[in-house]
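Protein chains: 2
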Amino acid sequence: MNPLIIRSPEVFREKQNIDARVHHRVTAIDLQKRAVRVVNLGTGKTLEERFDHLLIATGASIILPKIPGLNARGVYTLSTLQSGIALREAMDQAGPQRIVLVGAGYIGLEMAENFIQRGFQVSIVEQAPQVMRTIDEDLAALLAAELKKNGVQLFLEESLQGFELEGGGVRAVVTDRRTLPADLVILGLGVRPNSELAGEAGIPLGKTGGIKVNERMETEIEGVWAAGNCAEALHLVSRRPVVFALGTVANKQGRVAGINIAGGQATFPGVVGTAMVKVFDWEVARTGLQEREAKQAGIIAASVKIEGRTRAGYYPGAGKIFVKITFEPGNGRLLGGQIVGQEGAGKRIDVLATALHAGMTVEEMINLDLGYSPPFSPAWDPILIACRQAAGQL
Amino acid sequence: MNPLIIRSPEVFREKQNIDARVHHRVTAIDLQKRAVRVVNLGTGKTLEERFDHLLIATGASIILPKIPGLNARGVYTLSTLQSGIALREAMDQAGPQRIVLVGAGYIGLEMAENFIQRGFQVSIVEQAPQVMRTIDEDLAALLAAELKKNGVQLFLEESLQGFELEGGGVRAVVTDRRTLPADLVILGLGVRPNSELAGEAGIPLGKTGGIKVNERMETEIEGVWAAGNCAEALHLVSRRPVVFALGTVANKQGRVAGINIAGGQATFPGVVGTAMVKVFDWEVARTGLQEREAKQAGIIAASVKIEGRTRAGYYPGAGKIFVKITFEPGNGRLLGGQIVGQEGAGKRIDVLATALHAGMTVEEMINLDLGYSPPFSPAWDPILIACRQAAGQL
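Heads up: the sequence lines are chains A and B, in that order.
Plus 1 on top of the position in the first sequence (first one is 1) and you've got our numbering.
Plus 1 on top of the position in the second sequence (first one is 1) and you've got our numbering.
Don't take each hint at face value.
Copies of the same chain look alike in the list, so a pair counts if it fits in one copy or across any two.
What the hints assert, rightly or not - Keeping only pairs whose Cα atoms sit at most 27 Å apart, straight-line, the calculated BS3-like set for lysine-lysine is: (1) Lys-213 - Lys-34; (2) Lys-306 - Lys-16; (3) Lys-208 - Lys-321; (4) Lys-67 - Lys-321.
Don't read these hints as lab results, they were simulated from the structure.
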């Protein structure tokens, strides 16, 4: 078994008495009968399964552009384990040399690093004027420089128009500004919640497209639950429902749904939007709301940015770290933060994430008793320096 | 100038108009006259300086055993920059080979690593049954094993009785169980606040021996302030005054005192007792109260300990991490935490420190939206796994 599979259907069956049927697709939910219609993809047979409790954990699907050629040889997406295996096999077949990544989000950035390390020519095409829209433009510029330094060609503010094909295979990516020769293309344009099945059955969806759930992960239909990338979560800073297609959120929601279905009591209060990615030598992390996001949520926001060191300045390996803190100028409430830095920088985001959960102000945070020792931090952790600067503007 | 000196007296004078007089010792504080008596150590002359505000920042002194031979050649302590320079010079003079460190606290452990890396024979003598009393015995045992693995000889439950001297130099360390040949001895037995000067002047001291201060860092005498290792701080978990001789606390207290003296408004709410140290390949961190400390403070406490990984299991460099969480069984309030682990483990303590400041419960912490990406963490951060396990015991 692939070591990335945490638990096989056999283990579910033998150790936990859970009948995990893979290669079965649910095609309809009947809330009257409290039953689902299931197709066995192996035999093609349809059956009906009744339920007392139903958990919808249908995940998310890759967003695909509406252009021809998506099924051409050499055009890939990355979501399932199978899609990863297929891509790896294509890479191993010495053929492709020129890789074009469409989309400069997490997938695009992580792939770029991996392809460069394996010696390919890599280009990224991104419609936005910056990479990684989940951080601000000034910090994204650091990533763009890092990508270029490592040999990645970056085409910002260009949108995918189509492909040039030859004999059923891709030959080039066509943008609104150029034609990029490509042996292999990966589309990383984000995902959307798989909520159609729920929606068709009459289970209420939110404006986000995700399934509406309460803190217990129950939908508006009693005994019908939803968790993971198909379900909404409350953003604890904006107090608005969001869908973050992240494994951490899915894991926590699934645990809460499972406890409640089994008769226990658990709640999932919500998320603060924490995410991380490694881009060559930079660690990138973000949490809460960017200024732009705060404004969209009707919250007045201001930001400060500081440059510091990951360790005591004199200690070997002390690297750069940029910390941006976003806060409410009126009351000093922390709204979010972003970090770009070298080794040891990224996980500092967790202090900001924890402070967001606790609703702390930047003034309260100045005196946080964070860990210090020269191999790990300057005496004033960069997070505290940023908070000090933010508090100075109140 | 030594690069470890952040700001010289000249810079204080020229850039900030601060008359920083080094080599001057204050010998008495006269609260009636509101003046201090100062000896110029260069000329021996005594002068009197009047004050409107007085800040006492006298730091801490090394605790010395009451035995003869402390002034012998080869017997060192480590506190000031000068003592470090003297020790380094002794090391560089090819002479000493056998080093005995007395005390297995932060100083002893850090010195052991440095001396081993420079090729010396290193022994540690420690009175307690474990190294590093600020973490629990089970975690300390991991450090003891690491020290031994790296060639450090460890003599626990042995107390220093005296030295064997020869021609004015140390030849051996005598404990209650053996005589250890030694060319160089370093005493690392902790520090105590330098509060005599304040005490003699009638400025109230606490039971800790530190100078009593309020949140603004003012002593019980108006216009007389204290900050740093000579001053008390409120422990935010036990709600009792403590003296932690740490640079982080001193820095924060000094800032608050300075702002208030200059007419501003700032408060230092207190500490949670966070500390870190690197011991060869282990990162060690602690915050809040150990079970033992909680009991001393009259708080009922329980603990859980988990073993996890610093990164996704399949990611290169995924190391071990042990997380212990101490909490109140009644209401689930987090009381403290301890971490021992490989690269990337230690700074995770900051999540626990922040949660202690915010007064969070282990149940609230289960759903903290901490950063995840395979190079940085498993999907369930080890901190969250420990919180989950603690919450399961409520």
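We went through each hint and held it up to the structure:
Within a single copy, Lys-213 and Lys-34 get their C-alpha atoms as close as 21 Å, which meets the 27 Å cut-off; across copies the closest is 72 Å, which misses it. Only between protomers do Lys-306 and Lys-16 lie at most 27 Å apart by alpha-carbon distance; the minimum there is 25 Å, versus 51 Å within a single protomer. In this assembly of identical chains, Lys-208 and Lys-321 lie within 27 Å of each other by CA distance neither inside one copy nor across copies; the values are 40 Å within and 42 Å between. Within a single copy, Lys-67 and Lys-321 get their C-alpha atoms no closer than 42 Å, and across copies no closer than 46 Å, so neither meets the 27 Å cut-off.
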